[in-house]
Amino acid sequence: MIDTIAQYPILAALIALVGLGILFGGLLGFAAEKFKVEGDPIVEQIDELLPQTQCGQCGFPGCKPYAESIANGDAINKCPPGGQTTINAIASLLDVPAPELDAEHGEEADLKTVAYIREDECIGCTKCIQACPVDAILGAAKLMHTVIADECTGCDLCVEPCPVDCIDMLPVEEGIKEWHWPAPVAPANLIASDRRATQ
Amino acid sequence: MKTWVTPGGVHPPENKHQSLTLPIGTLPLPEKLLIPLSQHIGAAATPCIEVGKKVLKGQVIAHATGPVSVPMHAPTSGTITAIEHRPIAHSSGMLAPCIEITSDGRDKWKKHEGIADYEHASPSTLLKAVADAGIAGMGGAGFPSAVKLNPGRQRPIHTLIVNATECEPYITADDSAIRERAAEIIEGIGILSQILGNPSNILIGIEDNKPEAIAALEPLVLDTGIRVASFPTKYPSGGEKQLIYILTGKEIPSGDLPADIGMVCVNIGTTYAIKRAIVNGEPLISRVTTMTGDACGINRNYDTLIGTPVSHMLAHSEFNEQACSRLVMGGPMMGFSLTSSDVPIVKTTNCILAPSYDEIPDDEPAQACIRCGMCAEACPVSLLPQQLFWYSQADDQERLEAHNLFDCIECGACSYVCPSNIPLVQHYRHSKGEIQKARAEKIRSDHARERFEFHQQRIEQADKDKEAKRAARREAAEQAKAKAKAAPDSAAAGGNPMGGSAADIIAAAQARAAAKQVSPEQQQAKFERSIAGAEMRVQMAEEKLATASDSSTDEQKNILNAAIEGAKQKLEQAKARLAEHVEQQNGEQVD
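Listed in order, the protein sequences are those of chains A and B. Just so you know, we're using our numbering here: the first sequence kicks off at 1 and counts up by one. Just so you know, we're using our numbering here: the second sequence kicks off at 1 and counts up by one.
Where hints are given, some of them may not hold.
Unchecked claim - EDC-like cross-link-like pairs, simulated, lysine to aspartate or glutamate; straight-line CA separation at most 20 Å:
| no. | chain 1 | residue 1 | chain 2 | residue 2 |
| --- | --- | --- | --- | --- |
| 1 | B | K437 | A | E174 |
| 2 | A | K64 | B | E450 |
| 3 | A | K177 | B | E434 |
| 4 | B | K437 | A | E48 |
| 5 | A | K127 | B | E460 |
| 6 | A | K64 | B | E460 |
| 7 | A | K112 | B | D446 |
| 8 | B | K432 | B | E398 |
Keep in mind the hints are simulated off the structure, nothing from the lab.
Make a model of the complete structure from these sequences and hints.
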């Protein structure tokens, strides 16, 4: 055997390469089984970035389905509650250019809102309770309903089903605790000669 | 004593001499005092008095809410005239809940006394007294002192640092307090040491621009184990982490507290307040505040009641509004402009600055960053201010955090040296706010996702349950049908006509009856209910008859009478049944 190899050195190289090939092939195969990734991690990552209002303005029944659709190549600019911030974040995650928000799906709201039920007018039909994607409305048939403001995502979905139009979307008021410093005026692009002229 | 040198720093004009020419003064009692419920870090206090109530000086007017909070006390005697939202000293200019006290002019104390034998009191007793006195850090941040002084058993304290640095220009509140109250301050440090379990190392850190204060302290610390460490003046040496580095050479890891490396750093004003609370039993209702600036004729320190309106202070300091460029609470480096002079002095107000236009001119317009790097040289935390500035403009939160934005102490040294007048600190403050907002939103959205997923699961489960029930019913119906089919078949097959199946039906009926049988108690309750119902019906019918008697015909009356009769009969029956049932029950029990 050794003699044959000594006679044909090419055989040694062949054996070594094939051996390595089999070894690493086996290793890779093993790793593929052992460290298999359950589900599509990109969907989870996109879902993390979406605002989770579950409002359905994108045309999908919730944020997760839209995340799945984005992973399958859908446009990333269909989420008005997330707005440009979310679009930018997804764009940088997927390494694609960030488009403007698609106006077809709605406009980015300036203010966060929260649903408020005018309780005197509520007839207790439970339709809004069924519509709420995050179970933030409390009540029972023929009993007055109310919104748990802390749980409300401001998705708007309860407004439409209400037969007596007793649900308002109120802007969330910012208190002294939520306040933070506004951005200073951006530095003017002045140069020294401009400054002299203005003085 | 060896001291270390922090990186960066600046040397702005000190301007401290103006307010040091006069001793600490007192202001006449203001007519109205306004006490904000949130003057500290943590939860706002909860009012415990009503409008119209009379209070004495030192009386509790608001309780602490939760562990990280402090109570509020009446700074003078008088009447509570309002509990409502008022403008407070906050950079937002927003309103916040306050208690207004109209002074009665007598300034009458409630009965109070210190802890008699405090030298032998346990740390927990002393801590409770500190908490009850409403003491929050008086250097500026306002962290509840009782929380800071209780780092827990897993973090033993070996070094107590008393911060008398007062590095910010203009402010002399601590300086003058040391000059006049050194003995009480040293007593306060003794109490602090007792609370912290007698740390081996007690240091008073003080800049070398306060020779009088150092001279006042030094004779008092002989043989006490306390050391006065003076070091060269530089702004900002008074930051907690900076001072600890200067005095010990130890750096506190990013995001950690001094207690994590066994140190506690307390402002010198706080030690005085603690002495007054423990020895004299006085809660924190006044503090030394510097009134300075060229727009004021009198520059001096005042022992000011908490809640005193800034306007009251100005009115007694020959304030010239025309000459004043802006009103600043705090110093020129870290202070903030006030939108109104009606806001009150709070526990953290160390200075009111009323500068003239020459002293602090209006901000020059910011120009483009020229990448000169002076900000990076000035930064005491060794950050990269210009990089932070770029990322702040681009709102690149990830990079901002990677460049340790949250280690910025907002000292303003970078803005001070910037040749382009860029308000760098304002950019950082804005970005910090944005990041915190994004974090809060992330928590919210995660929570919403969880709830949404649970909602989906619940709906799915409900659908599944419904489907399963439907399937079970369908199956039962089919089985019954099959049985019904099978029965005639077996009958046709001869043998036992009807026999088996008839017996089955009877057995089933008996089983049903048995299932329906209810307990005697339930039976009795049912009878009682039917009696009550019958009684009601009789009563109603009688009432109807009474109202109908005038207007209706005989025929109607007859009908009503018949109805009453019927109802009465039913009542009788029901009573009889109940009696029978009760008898039967008793019989059974006897058996």
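Results for each hint:
1. Taking the CA atoms of K437(B) and E174(A), the gap is about 12 Å. The hint holds against a cut of 20 Å.
2. This hinted pair checks out: K64(A) and E450(B) have alpha carbons roughly 11 Å apart, not beyond 20 Å.
3. Restraint check for K177(A) and E434(B): the C-alpha separation of about 13 Å stays at or below 20 Å, so the hint holds.
4. Of the pairs offered as hints, the one joining K437(B) and E48(A) holds, with about 16 Å between alpha carbons and a cut-off of 20 Å not exceeded.
5. Note on K127(A) and E460(B): the hinted pairing holds, with a Cα-Cα distance of about 18 Å set against a maximum of 20 Å.
6. Between K64(A) and E460(B) the CA atoms are separated by roughly 16 Å; this keeps the pair inside 20 Å, and the hint holds.
7. For a cut-off of 20 Å, the pair hint linking K112(A) to D446(B) stands: about 17 Å separates their Cα positions.
8. Only pairs whose Cα atoms come within 20 Å are accepted, and K432(B) paired with E398(B) is accepted, the gap being roughly 12 Å.
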